[in-house]
Amino acid sequence: MFESLMLSRLPDADEQLRAPIRALIAEHASGRILEQRSRSWMGFDKEFSRVLGRAGFLGLTQPREYGGAGRGPFARYVVVEELLAAGAPVAAHWIADRQSAPLILNYGTEAQRQFYLPRICRGEIFFCIGMSEPGSGSDLASVRTRAAKNDMGWQLSGSKIWTTNAQHVDYMIALVRTSGQAADRQTGLSQLIIDLKLPGITIRPIADLTGDAHFAEVFFEDVQLTDDALIGTEGAGWHQVTAELAFERSGPERIYSSIVLLDAWIAHLRANARCNEAAVQLAGRLIAQLATLRELSIAVTARLAQGESPVVEASLVKDLGTTLEQSIPTLIADDLGSHPGEPFDADLYRSLLYVTHIAPSFSLRGGTREILRGIIARGLGLR
Amino acid sequence: MSDIAFNELLEPFGRLLADVSSLTQVRAVEAGASVTNLWAALHESGFVDAMVSEARGGAGLSLAEAGPLVQALGRHLVPVPFAQSMVARALLAAAGVERPEGSIVLISPTTHGGGYRQHAVSQAQVANYALVDLGDHTILTSLSDAAVDATGIHASRAADVSWQSSPHALATIATPKGGLRPIAAVLRAAEISGAVDRVLDMTIAYACERVQFGKPIGKQQAIQQQLAVMAEQTVMARMAAQIGCAYGLPPPPNAAAVAKQVASTAVTAIVATAHAVHGAIGISEEYDLQLFVRRLHEWRMADGTESYWAGHLGRARLASYTASSVEFVRLGVSSVG
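Read top to bottom, the protein sequences are chains L and S. Everything in the first sequence is counted per this note's numbering, starting at 18 for the first residue and increasing by one. Everything in the second sequence is counted per this note's numbering, starting at 17 for the first residue and increasing by one.
Chain L with its partners taken away, still in its complex shape (with noise of 0.2 Å):
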């Protein structure tokens, strides 16, 4: 079952760029906290993003063309390691680099790709992406977001919410209804470029149960769009969202969200010479599913290199790896907690209980648990 999913190496070329991508995280974002680096890709930082932009990191597979480096998603996949390793903060150019960049190669016109890209790879504009609604989450389908066709463009009417950094960013790729109703389900759906600077939109921000505010509620109040607005074809939203899924969901950060607590205990570990046979053998376990994970994430890599698009096999993954994810906060606290005579820094008590609380988020963004695990059985031939 799933032996598309083979061990497969990193290209030495690839490699290569762990160096760079280390010197530059030295240089530019070493000076943060345990508990800044614990957001991992939720940390924001459009100077970092910048940086990155102009030393040629983002847009790593996009054609040299439009700005990119012309090489690969192994080449993605070393940078966004090195990245996620060091809790260093990605989250502002994240969405662009990893999944709008991509749909406008794929599906945008000519125009629109000299429009958008160039800017992407040089970090000069960040994306989010509008999917859930109010009366839309893992039913993505029902969506009410309406745009209508008008002399000028499109019309659109509708609000979007839980989505990531609307606050902060330019521009929105969201699904929205261009035709029928919602009882048509798929049909009928198209995706659209909104730039939030527009008039009749309006962005509110969400606190979270941490005092972030990562995400938002986007309102639309007809805010009138152009023509060019539309991404790809119209009416075919769902099967161009569906093909953006292998990209959203194999990569490196579902397996490392909870990276940089784990390295924090493990130092821990080390500063206090404890190794009792609990913690050993807690830190085994989860340096060997990380090993099994990594390998995992590297073979769906592979096959998106390949040109392929393995939805089953990245849903697999994401759902192996966010459980990977949660269960660290979970078993260090446990351990942590069982050592009472032992200090520990509060930077590391607040990295923690930071990864412990956003935890659950990591298997709700992306796809949540359930719909993988449908979207799995459909694989097996269940459904």
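Worth flagging that the hints you see were computed from the coordinates, not collected in a lab. Mixed in with the good hints there might be a few duds.
[To be verified] Derived CB-CB ranges, DEER-like:
1) Glu20(L) / Arg226(S): 22 to 32 Å
2) Leu381(L) / Glu70(S): 51 to 61 Å
3) Glu70(S) / Ala36(L): 32 to 42 Å
4) Glu70(S) / Leu370(L): 52 to 62 Å
5) Glu387(L) / Leu186(S): 54 to 64 Å
[As the list claims (entries may be wrong)] Reference listing, derived: stretches of chain L covered by chain S, where coverage requires no fewer than 3 residues with Cβ under 8 Å from a Cβ of chain S:
6) 18-30
7) 145-155
8) 177-187
9) 281-287
10) 309-322
11) 332-339
Ideal Cβ placement from N, Cα and C applies to all residues, glycine included.
With chain L held as given, fit chain S onto it using these hints.
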């Protein structure tokens, strides 16, 4: 070896195993039948020297290339220690030692009084020889010189193997770096991954056949979610086994630890779901699932459980120079240090 050339080996090997080690034959061996004909057929096929160098008359496969053969052995529950014999013969040949005709188990014994012993050596009742890791050196010995005591587990051909004093050496070789246990663990992980893949196939097929509440139980969302997790664990076990096999013979102990830690962990979850989906028929003697789950429980414990190898890996991680777990996973798993 190219993929095409390799498939030319794997496919006939699968056919051979389906022929000489059908589940009917597995049942017969587990009920006490002789393995003489089975071993002879496997031995004559030449696959037993798959990992022996070409200069010494073998096919010269690396451990990574032989991995899928070992998985196939697990998938067919081959009731003789064939994978272990394959590796033992490669080690003996590399040391310039003549290979014996019979099957060989791998033993990393503990000392016991003035002697040695290992508990529950899989298929030891039907094996002929043992390669025994005595620390600084490793010996080939005949099991007819050892006490081979059945474990008493129904239908198992595993045995407790012990020697009152030092076992009689038919030949002595240098112990592979890291010892025999990591080698045995990698082979076991690969066998486990082959067997659980078949258990997954059987369980999905059953879920599609078995009708309750007017539809196949595989249409129930609760069952689908469990089978999805089972598939995930099957994929984990297979990738872990590939990691264990990736770096040649002998495998780096950390890579072996990843392989067996993950494969043994997967056994428990996979077997539990297989039983849950099959219901009562799954624990009946008549139905084939029991052949797999009994062997899988045996293999999970053999050559180190998940916690044994987690301990190994955790010590390696805490002792490593790097602050980064990603760096450790990237480089430390394959390091032979």
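Hint numbers not upheld by this structure, sorted from lowest to highest: 7, 8
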